[in-house]
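Using the sequences and the hints given, assemble the complete structure.
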Amino acid sequence: MLSFVIDGIHAHDLGTIVDREGVAIRTGHHCAMPVMERFGVAATARASFALYNDRSDVDRLMSGLKRALELFRG
Amino acid sequence: MDELQELYREVILDHNRRPRNFGALPDANHVIEAVNPLCGDKLTLYVKVGNGRVEDISFEGTGCAISVASSSLMTERIKGQTLAASLELFDKVHGLLTGAGEPPEDLDKLAALAGVREYPTRVKCASLAWHALKAAVTGAHREPVTTE
Chain A
1 MLSFVIDGIH
11 AHDLGTIVDR
21 EGVAIRTGHH
31 CAMPVMERFG
41 VAATARASFA
51 LYNDRSDVDR
61 LMSGLKRALE
71 LFRG
Chain B
1001 MDELQELYRE
1011 VILDHNRRPR
1021 NFGALPDANH
1031 VIEAVNPLCG
1041 DKLTLYVKVG
1051 NGRVEDISFE
1061 GTGCAISVAS
1071 SSLMTERIKG
1081 QTLAASLELF
1091 DKVHGLLTGA
1101 GEPPEDLDKL
1111 AALAGVREYP
1121 TRVKCASLAW
1131 HALKAAVTGA
1141 HREPVTTE
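As given, the protein sequences belong to chains A and B, one line each in that order. Counted from 1, the first sequence has number 62 at position 62 by my numbering; the numbering is strictly sequential. Counted from 1, the second sequence has number 1025 at position 25 by my numbering; the numbering is strictly sequential.
Any given hint could turn out to be false.
Stated by the list, open to error - FRET-style restraints, in silico, Cβ to Cβ: (1) A:Ala50 to B:Gly1139: 43 to 53 Å; (2) A:Arg60 to B:Asp1106: 39 to 49 Å; (3) A:Asp57 to B:Asp1002: 20 to 30 Å; (4) A:Met62 to B:Asp1106: 19 to 29 Å; (5) B:Asp1106 to A:Leu51: 15 to 25 Å; (6) A:Arg73 to B:Glu1003: 15 to 25 Å; (7) A:Glu37 to B:Asp1014: 53 to 63 Å; (8) B:Glu1105 to A:Ala50: 27 to 37 Å; (9) B:Asp1106 to A:Gly40: 15 to 25 Å; (10) B:Glu1105 to A:Asn53: 43 to 53 Å; (11) B:Phe1022 to A:Gly40: 18 to 28 Å.
None of these hints come from the bench; they were simulated from the model. Beta carbons are placed, not taken as given, at the ideal position from N, Cα and C, and that holds for glycine.
What follows is the structure in structure tokens.
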């Protein structure tokens, strides 16, 4: 599992954008509000791998994240 | 324009980057806490009601681009409006977001929120500030507002 944040782009926006690439990630508090408060983050994005994932899924995730950067940072 | 650009229009991105009326309002007579605990969006809306109008309004908090932009656009549009007009706008925006029928007219900049109706999971982001406004205007805010 990879939890991550991108400066200036909220995790929910990342979630919606990578969803358009066919990639489902979890975003927000992950039902773990106390630990989010401990680390002082409002929300994180989280990608998890399963048996059926392969490199093409990672590529799609990356292309979604690039799209998010283009949209938000121009 | 693809569907993502339809959602993240320039107006939305601009209001997310530079939210208008952002910060506490010392002479507010309504302070409404609004939260979406599942996603972590948190908003405090400050409203100064007087002479049947929203004389001043501001907000602070954290949230996604849709939630911040919707809050910012709302404060910009609502400032100076009568309470009745504010409630009328609430209904119009609600109709715009939930997609019941044709998008209402006269929404001006608020029409930028129209892309949200294609994304059911994001409706609650866009409507949080508006529910907080309704709570302020109707005085019904003993409990924190939530759209979850």
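A quick look at each hint next to the structure:
1. A:Ala50 to B:Gly1139: 43 to 53 Å: 50 Å, holds
2. A:Arg60 to B:Asp1106: 39 to 49 Å: Because 41 Å falls inside the window, the suggested range holds.
3. A:Asp57 to B:Asp1002: 20 to 30 Å: Since A:Asp57 and B:Asp1002 have Cβ atoms about 21 Å apart, the given range 20 to 30 Å holds.
4. A:Met62 to B:Asp1106: 19 to 29 Å: 42 Å, violated
5. B:Asp1106 to A:Leu51: 15 to 25 Å: 53 Å, violated
6. A:Arg73 to B:Glu1003: 15 to 25 Å: Holds: the Cβ-Cβ distance is about 20 Å, inside 15 to 25 Å.
7. A:Glu37 to B:Asp1014: 53 to 63 Å: The hint (53 to 63 Å, Cβ to Cβ) is violated, given that A:Glu37 and B:Asp1014 are roughly 30 Å apart.
8. B:Glu1105 to A:Ala50: 27 to 37 Å: 47 Å, violated
9. B:Asp1106 to A:Gly40: 15 to 25 Å: 42 Å, violated
10. B:Glu1105 to A:Asn53: 43 to 53 Å: Holds - the Cβ-Cβ distance for B:Glu1105 and A:Asn53, about 47 Å, lies within 43 to 53 Å.
11. B:Phe1022 to A:Gly40: 18 to 28 Å: 20 Å, holds
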